[in-house]
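Number of protein chains: 2
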Amino acid sequence: MCRVLLYRRMTSENTHVVMINGEAADCISSTDRGLLYGDGVFETLVVEQGVPRFWQRHMTRLRAGCRRLAITGVDTGTLYEEAGVLLAGHERCVLKIVITRGMGGRGYATRGCGQPTRILQRHAAPGYPDTYRHEGVRVRLCQSRLSHNPRLAGIKHLNRLEQVLARSEWDDPDIQEGLVCDVDGRLVEGTMSNVFLLAKGTLLTPELSRCGVAGIMRSVVMELAGQQGLSVQSMTISADDLGQADEVFLTNSVIGIWPVRRIDAGDYPVGPVTRQLQVALDGLADEGTEWISDENTGLAE
Amino acid sequence: MCRVLLYRRMTSENTHVVMINGEAADCISSTDRGLLYGDGVFETLVVEQGVPRFWQRHMTRLRAGCRRLAITGVDTGTLYEEAGVLLAGHERCVLKIVITRGMGGRGYATRGCGQPTRILQRHAAPGYPDTYRHEGVRVRLCQSRLSHNPRLAGIKHLNRLEQVLARSEWDDPDIQEGLVCDVDGRLVEGTMSNVFLLAKGTLLTPELSRCGVAGIMRSVVMELAGQQGLSVQSMTISADDLGQADEVFLTNSVIGIWPVRRIDAGDYPVGPVTRQLQVALDGLADEGTEWISDENTGLAE
Chain F
6 MCRVLLYRRM TSENTHVVMI NGEAADCISS TDRGLLYGDG VFETLVVEQG
56 VPRFWQRHMT RLRAGCRRLA ITGVDTGTLY EEAGVLLAGH ERCVLKIVIT
106 RGMGGRGYAT RGCGQPTRIL QRHAAPGYPD TYRHEGVRVR LCQSRLSHNP
156 RLAGIKHLNR LEQVLARSEW DDPDIQEGLV CDVDGRLVEG TMSNVFLLAK
206 GTLLTPELSR CGVAGIMRSV VMELAGQQGL SVQSMTISAD DLGQADEVFL
256 TNSVIGIWPV RRIDAGDYPV GPVTRQLQVA LDGLADEGTE WISDENTGLA
306 E
Chain C
6 MCRVLLYRRM TSENTHVVMI NGEAADCISS TDRGLLYGDG VFETLVVEQG
56 VPRFWQRHMT RLRAGCRRLA ITGVDTGTLY EEAGVLLAGH ERCVLKIVIT
106 RGMGGRGYAT RGCGQPTRIL QRHAAPGYPD TYRHEGVRVR LCQSRLSHNP
156 RLAGIKHLNR LEQVLARSEW DDPDIQEGLV CDVDGRLVEG TMSNVFLLAK
206 GTLLTPELSR CGVAGIMRSV VMELAGQQGL SVQSMTISAD DLGQADEVFL
256 TNSVIGIWPV RRIDAGDYPV GPVTRQLQVA LDGLADEGTE WISDENTGLA
306 E
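Going down the list, the sequences are from chains F and C.
At position 165 of the first sequence the residue is numbered 170 (this note's numbering), and the sequence of numbers has no breaks.
At position 212 of the second sequence the residue is numbered 217 (this note's numbering), and the sequence of numbers has no breaks.
Possibly wrong hints are sitting among the right ones.
Listed below are the simulated DSS-like cross-link pairs for lysine-lysine, each with C-alpha atoms no more than 30 Å apart in a straight line [unchecked claim]:
hint: 1; chain 1: C; residue 1: K161; chain 2: F; residue 2: K161
hint: 2; chain 1: C; residue 1: K101; chain 2: F; residue 2: K161
hint: 3; chain 1: C; residue 1: K101; chain 2: C; residue 2: K161
hint: 4; chain 1: F; residue 1: K101; chain 2: C; residue 2: K161
hint: 5; chain 1: F; residue 1: K101; chain 2: F; residue 2: K161
Hint data in this document are derived by calculation from the structure and do not stem from the laboratory.
Start from the sequences, fold in the hints, and give me the full structure.
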């Protein structure tokens, strides 16, 4: 099998190239439990200068997710090797890794499941306008609520209907993200990002013990902020607290840090702390991929 | 394309035959949103004398699920036609139908998604011992909790990690099912079934406005019970109420009605009401597939 001749699929939306279980292919069995039950986890990494950023941190979260779901037999060394093949010659792109429990019989019991399925997709780098990063983005507060399940909180599993429902609340291309609260009205995250607030000089981000995804960029920014001498707290935050914030920004691995300039009718400045953290994050980019304590995802296991 | 030459896959656990979007195949793209986000719904139907039981009822729930998720373009007439091809010559088996939102780009937004993916799988009829049905089954009370999301409650969507986690709590083959409560400790359902209690002469089953699956057999049994002159209520039930019950039984489309003979350390008789409903359900089987008001799934939309 020629591992370099990778399966390429084109849709109206995007071009991607796929490797499944080490082979160039884009074919998943309809009995894969990833499809039938969302029984798996995923990671989305940005690739810069040919290197997936924060690889170790992503793999730590991936392993934590597999442990929570009792998915065994995932070797991150193999993923690294396969990512190397998939990314060869591609300086700037997005790498998505999906791990499922693999194929099984009909029914929820995991007995008799085979090996986990590993899917690596190479996507084009996203074409977000520079204005998002420089001038900030417009955000809405979603009506959808996130349910509480501590056993699934933090990990990036494949049960993402709540995010799909929240994201489907708007179709206005001028709104770049939606913030979502939990069933008790606490602020949790964006549909595809984590959220930070600056309030009274302290950087706050929602704690994620009951729901939400413990983002890799969230953990990087929390650590960077600490290095910059900022006070950082992961805590309970209400949607009302947004109105009192001096600065608000979003993070994820692909976007880095996006300042928020508006939430519904409320305007926010792109403030000095947000700028300082953007500069600090850019500084990291000059030093390689594994800059700071790369193992710390801030994710309870 | 020869539509009769269907793709057959064998695993150590089961043999199944698959049709995807009307073609004999077992290949799902890794960008299918069913895989990436659990963005879809499914139905499991028992096939007897070559006919899928309660077809209309299953299709009503499937359509309700698609409406909740805003998945459009699913034609149940096409599913019926394809099921006819897949089931030809098979008197007794299980038909699983999965509908996903189809392929899309990277990200939760549904804009640009193609047509829904329709997957029909034919599985062998399950080989449950007759004792389950006659003498009852042993059940445990799970530690796992079901989270609250009214927008997803009732429908049979593909985000089933909570069921996978609950089912993974035991590996004892002498225990056939686990009962699961919600985050507030209310009884909801079994991992793969609905549950009924007989208490003070009234048949009770948990209401499902915040979580749980509105089972097709649940709706059939509720209707049958009414026809039999029994008082039936869908209501809030606590796990403690199980201890006060005179009879307990489980329902799903494949098992029909299973009496519960033990929950953890508590024994239950296989009582007269359970028997009466089993007989009534068997009576239905003699009259065709669409016996009683086939549209009523009891599912709020």
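Outcome of the hint check:
| no. | hint | result |
| --- | --- | --- |
| 1 | K161/C x K161/F | holds (22 Å) |
| 2 | K101/C x K161/F | holds (27 Å) |
| 3 | K101/C x K161/C | holds (12 Å) |
| 4 | K101/F x K161/C | holds (27 Å) |
| 5 | K101/F x K161/F | holds (12 Å) |
Checked against the numbered hints listed earlier, the structure breaks none of them; every hint is satisfied.
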